[in-house]
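S.K.: Listed here are the chains, written in short residue letters.
2 protein chains.
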Amino acid sequence: MQIKDPLRIEVLRGGFQESLHLVHAVVTDSSGKVVEGWGDIDFLTFPRSAVKPLQAIPLILSGAEERFQMSTAELAMACSSHGAEPAHLRVVSSWLERIGCEADDLECGSHWPSHEESAHDLARAGSYPVALHNNCSGKHTGFLTLARQRQFDLKGYIQPDHPIQKEIRSILEYMMELDLKDAPMGIDGCSIPTWGVPLRAIARGIARFSTGDQLTKEHQLACKKLRSAMVTEPYFVAGTDRHCTRVMKAFGGTVVCKTGAEGVFAAGVPELGLGIALKAQDGTRRAAEVALSKILHQVGASPKDPDFTIEQPLYNRNQWMIGSVRPLV
Amino acid sequence: MQIKDPLRIEVLRGGFQESLHLVHAVVTDSSGKVVEGWGDIDFLTFPRSAVKPLQAIPLILSGAEERFQMSTAELAMACSSHGAEPAHLRVVSSWLERIGCEADDLECGSHWPSHEESAHDLARAGSYPVALHNNCSGKHTGFLTLARQRQFDLKGYIQPDHPIQKEIRSILEYMMELDLKDAPMGIDGCSIPTWGVPLRAIARGIARFSTGDQLTKEHQLACKKLRSAMVTEPYFVAGTDRHCTRVMKAFGGTVVCKTGAEGVFAAGVPELGLGIALKAQDGTRRAAEVALSKILHQVGASPKDPDFTIEQPLYNRNQWMIGSVRPLV
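Residue numbers (our numbering), protein chains in the order written: chain A, 1 to 329; chain B, 1001 to 1329.
Source of the hints: derived by calculation from the structure; they are not laboratory data.
Just to be clear, a hint being listed does not mean it is correct.
Restraint ranges, calculated between C-beta atoms of paired labels, are given here [to be verified]:
| no. | chain 1 | residue 1 | chain 2 | residue 2 | range |
| --- | --- | --- | --- | --- | --- |
| 1 | B | 1125 | A | 163 | 46 to 54 Å |
| 2 | A | 153 | B | 1252 | 23 to 31 Å |
| 3 | A | 17 | B | 1315 | 27 to 35 Å |
Cβ atoms here follow ideal geometry from the backbone N, Cα and C, with glycine treated the same way.
Given the sequences, and given the hints that come with them, work out the whole structure.
M.R.: As structure tokens, this is what we get:
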């Protein structure tokens, strides 16, 4: 197996290349064996939200999911970067209520809904965003649920030395087979720690998550539940016009995937026993999205939706198609 | 003079590099002589909105500016990519009225104000965006003004074969000393043609615009008026928290600059006789902004505002500073 050059994703305008992205990517099996690679397969990557599915595992291991009778949509939202569309907010709100918390307990900070129409509806209603609208509020409600189950103090659950973040770090270490003690640490958009890891470790982690290989029975079961929730309710993992949702729908449950800020994607193809991790060197989302579609095609995953394309059209302000984003051939 | 490697702009999180941008850039004098260069100084670049100041020149040459008694703010807005803040809309509206046009005559298409707060205010008022809110509505009002002056049919003024766009093409050819006949053509976000040109030609064009060198007396005067309008009213060239506005303010009139979509910047430093053109290869704005600040420092332009920094801080959803964007040293 030979590592290829970084994937090149080009932005076309009028048939000419306007911009160019480099993407590092790697495909491994659950043992970490590299099946395909492009660029620096050990690129130091802050996985950001791409490991949310792994961060949700303790919810199930701890018995919290059972005790609080979490729904499939809630499990999907524990792994989500959602658009704060009305249905997203309803799910998180009722979940928060069931665990005896309120939006003020969320320490993720607030921002306007990333789903533009929902942001404008919020403004139109004369309201302003609260922590509930943060794209990470599902994951954070998961943290609060785990804290309830473990009877931890809720306050400061985002801090690296809080037992919640220690448990999250442990599950990442277990799934990626890494020691994060000396890993570079940054603070994520939602204020929890994020550790820089080699891209290959993310691929291995998501491969293990997707296949259940090399995990304890309990971990296998937890991963299976989360995977099943994500592909059953892909809308609750992201939302309208979002790539995670689009891909999971188009591949009819045979692909599980999660994006992270700064051009990261982690995806698993259970039936092929593979995990995919990629990072657009420049951190752009469009490059990561097109690269993921390209790699899924490359490894032989096939969309059930015949309209699914790797290339993404670009439209201007009059809705004319003026270009596209596609892999450079 | 030796061409250096492309500028590297890094995104730091927790002190570690998370993402990396490559920027091609060139500094020339008005004759096109290269003073400094990084990467591919002839990188094929769609200048997009970065050449709006050049596209505004015919407004003055034609006598339209005089006939319609255009204000300084209106001249600045002819060169703008504005945020559709209330003051921007007031200027464009009254200008449209004065030339006997209305917002419906604008063929740029509509989008929500790029200034986020103004977008939310618009929604809060129960309204929806129209062409007036398009960041290019100032430039397009300039086109309509020119069409009035020339007594052209307004309809279709965005089409490549309309006499307005032919005149715009001619002025670009004159200023950049290029023949655009066989240049790659794309369609811009606002639906007018945009031609791919070597980065160096953009630098030369903006150097000539900034210094007036090698131009006819009429062109010199037109450029001087526009330059003066831009640095006198930098808020009307972009808006709140925008890099064009920030730079022109910070350099107290000694730098004139204009950004373009997909990571482009054109800037002039009249007193040094220089033009700068740069293109982030991946099309990201943050890379282009930091690269411009870096190059201005490099060529010896000095900000009057002591708080102006090259490095840009990054904040998360709790407003914690979690990283920055800066040139790689």
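S.K.: Of the hints stated earlier, which fail here?
M.R.: Structure breaks hint 2 only.
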